[in-house]
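Chains as they are written, first to last, in our numbering: chain A, 209 to 309; chain B, 1051 to 1333; chain C, 750 to 1006.
Be careful, since some hints might not be right.
[Stated by the list, open to error] Derived contacts from chain B toward chain C, CB cut-off under 8 Å, selection only:
#, residue
1, Asp1067
2, Ile1109
3, Ala1161
4, His1162
5, Pro1164
6, Val1166
7, Asp1169
8, Ile1170
9, Ala1173
10, Thr1177
11, Ile1287
12, Gln1291
13, Leu1295
14, Ala1308
Hints are computed from structural coordinates only; laboratory data are not their basis. Even glycine gets a Cβ: it sits at the ideal position worked out from N, Cα and C.
The residues making up each chain are set out below.
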Amino acid sequence: MAQVMNKQTELFRFSGDVNKPDFLHWICHRANRLGLNGWVREDVSAKSIEVLASGPEELLDAMELGCSLGPITVWVEDVERYPHKTDSPVPNGFNILNPVD
Amino acid sequence: MTTSDVARNDWYPVAIDNLLTNGQSEVVVLMQEELTISRGNDGVIKVTAQDGRPCPVAINYGHVWSSIGQPDHALFDIPEAHEDGRRMVDCGPVRVKASPLRVVENFLDIAHFPFVHTDILGAEPHTEVEPYKVEIRDTVDEVWATRVRFFQPQAAKSAEEGQMTDYMYRVPAPCTSILYKTCPPRPGSWDVIALFVRPISEDLCDAYAWMALYDETSKQSDLVQFQQMIFLQDRSILENQIPRLLPLDPKMEVPTRADTTSIAYRRWLKRKGMTYGAQLVAR
Amino acid sequence: MNADHSEFVEGPDGWIPVALSVDLPEAGVMRAVIAGAQPLDLVVWRSRSGQVSAFDNRCPHRGMRLSFGFVRGERLSCIYHGWQYGEDGGCRHIPAHPDMTPPTSICANTYACQDHDGVVWVSKGADNSDDLPNFGGQGLRSLSVERGETVLRKLLAETHLPVSLTSDMQMAEAAIATQTRTSLVLEARSDAKNLRLMVHFQKITPDRTMLHVQTSPELPAELRISLSRWAERFRWSAENLGTMINSWDATSQETHP
Chain A
209 MAQVMNKQTE LFRFSGDVNK PDFLHWICHR ANRLGLNGWV REDVSAKSIE
259 VLASGPEELL DAMELGCSLG PITVWVEDVE RYPHKTDSPV PNGFNILNPV
309 D
Chain B
1051 MTTSDVARND WYPVAIDNLL TNGQSEVVVL MQEELTISRG NDGVIKVTAQ
1101 DGRPCPVAIN YGHVWSSIGQ PDHALFDIPE AHEDGRRMVD CGPVRVKASP
1151 LRVVENFLDI AHFPFVHTDI LGAEPHTEVE PYKVEIRDTV DEVWATRVRF
1201 FQPQAAKSAE EGQMTDYMYR VPAPCTSILY KTCPPRPGSW DVIALFVRPI
1251 SEDLCDAYAW MALYDETSKQ SDLVQFQQMI FLQDRSILEN QIPRLLPLDP
1301 KMEVPTRADT TSIAYRRWLK RKGMTYGAQL VAR
Chain C
750 MNADHSEFVE GPDGWIPVAL SVDLPEAGVM RAVIAGAQPL DLVVWRSRSG
800 QVSAFDNRCP HRGMRLSFGF VRGERLSCIY HGWQYGEDGG CRHIPAHPDM
850 TPPTSICANT YACQDHDGVV WVSKGADNSD DLPNFGGQGL RSLSVERGET
900 VLRKLLAETH LPVSLTSDMQ MAEAAIATQT RTSLVLEARS DAKNLRLMVH
950 FQKITPDRTM LHVQTSPELP AELRISLSRW AERFRWSAEN LGTMINSWDA
1000 TSQETHP
C-alpha cells in the first residue's frame, strides 16, 4: 500500500423492511468487496440489521451507501452509525453471526 | 415487460411547443405507445393515443407534456421559469440508446466532469468530490442534492476562466432532473438547466435539455450548441454502460460517497415502485 | 448458412487470439469479443512498458465499458470517472477520493493474457499454457468475416495465394501445412522462399469470425501487399458465396476486382 490509512471501526444499524436472509449475504459480499473486516447479524426484536465494520472512513461511507440501497427485497428506511471503541482489534474477514433476540 | 403504473401515470415531454405550428401534427413514441400530437388551427394542442383515446396535455417550460395514463398530480413546478430576466432556451431532443433513468442519473453526477467533459466542466487534477448533502424531501417527494462544489475550467458559455462552481440538483419526477449552478455574470443567482426525458422503451429515450439563464450576451445558437456538445459527450458514456437498464440493486457496482446522489435517486425510484427502465436483480 | 453452432455452444477453451501484437501498441486499448454459451466482452490493453492485460469490459464502479478508457503508465483508466486499474485488475486510484488507497478487493475481473509470437492471446481459465503456436510470423492484418470458423477453415483449405513478386494475379494452390485448435498455416510455392500464411481464428459469433493473419518473416513488401489484397478478396468471397460454398473454387475468386 502506498500509504497507511487511518482505520476506524463503526457500528451500523440498518432499519426498515430489512429482515431478509439475502440481505445478510448481500452485506457480507459488499464488505468483502470493500475489504472491510467485521460482522453482520440480525437483531430480530429491533427489526434491524447490525453491522460492525472496520476500515478507512471512505470505505465505511461506501458500505453505508451500498447497503442503504441493498437488494430489491429490502427497504432500508434508516441508517444509524456509531463509533465503536474496543480494546481488541477486529479480526480479519467478515462473518455472519447468529441473530440476537 | 410490464409498465408500472407509476411510470404510466406521469408526465413526459412529447414535443417542443413553439416548433408545432397551427394545423400541424407529429407522431412520437412514449413507452412503446404511439402518440399523435396535433395543434389545431385554433392553436389548441391535442394528444391522441393509437387507439383514439385522448391523452392529457400540459404546456410548460417550452414543451408539450403528456401521458399514456392518468396523472393524479399536476406537472411539477419550476419557479425559476417565472422569474423576470431569464432567457429560456430549448435545446431540442437527443436520442439515447440507454434507459431514461440512466440519463437522469448521469445528469446528477459531477465526478465524471474531468474525464467526460475534459477542460470544459472539469479538469484534472481537480477531481476530488467534497462531501455534499443529499435528501429525499418527503413533503414534496423529490430528491435534492445541495452544497455541491466542483472546480470548473469553463463553467458556462459566459465563463472565461476556471472557478469553484456551486451546484444544486433537484429530481422532481423520475425522468426529470434540474440542475442549479453558479451564474458567472450574476453572483448570488442560479442558472437553471433541466433535462426532460421521454422514455421510448425501457432502454431507449429522447432527452430534451431546457435552460433558464441569466445571460443577455450569448447567441442563442451558441448556447444550444454548447449544451448539445456536453450532452453528446454524455451520450457516448450512457450508450456503453452495462447493463443498459439502471440497476436498483448495486451488487455489481461499487458506489462511493461521490455517488451519493445516484444512490439516493435509486432509493427514491425503488420506494416509488418506478421500475420502468430499471434492472431489479443485479447481473 | 453453415453456422458453427456446435462450437458456439461448446464455448471457448484455452488460449484465444484477440489481436495482432502490432495492432495493440504501447498504451493501446481495444475491445475483444469471444463467442461462447456466455459470450465474453473484454477490454484488452497494453501498458507503457508493454505488458498486456485482459479484463471484463465493465468498470466495477458503475459498469462503463473499460474499452473506452485510456492508459496512464502501467494503469488502465476508465473514461467515466477515471478509476484506475493495474495489470492485475486491482483498483489503484479513485479520482473523486484522491487521498484514499483503494483496497485490493475492488478489482476488475481478469483473464489470462499474453503476447506470444506476434499475437495477443486471452484465456478464460487460469494460465494454461497448452498449445500456443510458434510460427515466427509477421503481422499482416486482422479482418472480420461474416462467416463461421469451420466454413472459413474449409475455404482456406481450397484457396490460392498470390505468389509472384511482379504480378498480383499470379496465384498458386496453397496447402495446409499445420492446423491447430486456434490456427492454421498455409504454404504455397512462390518466387519468395517459404511463403507461408498463418491464420488465427477468433470466434465472435457463430456466424462471424475475426481472422488474425501473419506471413512468414522477411517476405518482400510487394508480396505482403498482394497478400493483404488477397485477404480482402478472400473475405469478399467467403461472405458473398452464400449457399454456393460447396461449388466455390479459387478461380472464381481471381476474377473479382
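Results for each hint:
1. Asp1067: 34 Å, violated
2. Ile1109: Interface hint status for isoleucine 1109 of chain B: violated (36 Å vs cutoff 8 Å).
3. Ala1161: With Cβ-Cβ at 4 Å, under 8 Å, it holds.
4. His1162: 5 Å, holds
5. Pro1164: 7 Å, holds
6. Val1166: Constraint on valine 1166 of chain B satisfied, holds at 7 Å.
7. Asp1169: Hint violated; aspartate 1169 of chain B Cβ to chain C Cβ min 14 Å, cut 8 Å.
8. Ile1170: 15 Å, violated
9. Ala1173: 11 Å, violated
10. Thr1177: 4 Å, holds
11. Ile1287: 6 Å, holds
12. Gln1291: At 5 Å from the nearest chain C Cβ, glutamine 1291 of chain B passes the 8 Å test, so the hint holds.
13. Leu1295: 10 Å, violated
14. Ala1308: This hint holds: alanine 1308 of chain B lies near chain C, its Cβ roughly 4 Å from the closest one there, short of 8 Å.
When held up to the earlier numbered hints, the structure conflicts with 1, 2, 7, 8, 9 and 13 and fits the remainder.
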